[in-house]
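Asker: Sequence:
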Amino acid sequence: MPEQNTHEPLGPALALVEVLIHELANPVQAARTAMNLWHTENVDRDRQDRLHGIETALDRVAAVIKTVQAVKESSCLPPTSVSSDKLRSDIASECADAKVTLHIDDWPSSQVALKMHPVVLPVLIANWASISRDRGNCLHIALRPKGDRWLLQATLRKGDRDSITKHGLASEVAGYPAAIGEFMIAAGGAAEVMEDSLGSFELDIDIAAWSREEKIENDEIYS
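If you're matching positions, the sequence shown starts at 4 in this note's numbering and goes up one per residue.
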């Protein structure tokens, strides 16, 4: 009896996702362009506030579309070597797009090679921070050595650790932390999420270092 291919539905599913992204992205972009034009018109304060509310909602939809696109593309590729400098730059860029204030508390002074899926992790982290209920949308990140691995901490606030409701694998919870956890597990790492009554406030992302053998096989770093 031939072995069943459990991945057969993946191709059609990804094709459908591509169609949905395309069908959503075009009208959303058109609406955002119209909103920008309307902002330049002389309208009263009440209408300006309404326009701002609609614009915020459209920005949110656009961010979701971008995230789905990044997840789709990364899910089709194996993890690769990403430099710590590239990771920091991408997180900063995505946070700027998501209107999240970024503070880098600690980072390696010399470049290190990290094993992960490029692009998608910064997108997920920035969007996780952007939907937080914390005031100010301020994200603190730090990358520190953890034995022969690396720990990326992404923190929104100190949190009330006396009322933590979840502290486990990010792949076991919902939302952006779950997606981060799945991608890190696929790259030989892991992620933990800490939550309290206000929601998740910290991600501890365990990242594998790009091994010497992998460097020999593929000496290019995604930088």
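Simulated from the structure, these hints should not be mistaken for lab results.
A couple of the hints might just be wrong.
Unchecked claim - Calculated lysine-lysine pairs in the DSSO-like style (CA-CA distance at most 30 Å, straight line):
#1 Lys69 / Lys89
#2 Lys75 / Lys89
#3 Lys69 / Lys161
Asker: Can you list which hints this structure breaks, lowest number first?
Answerer: none
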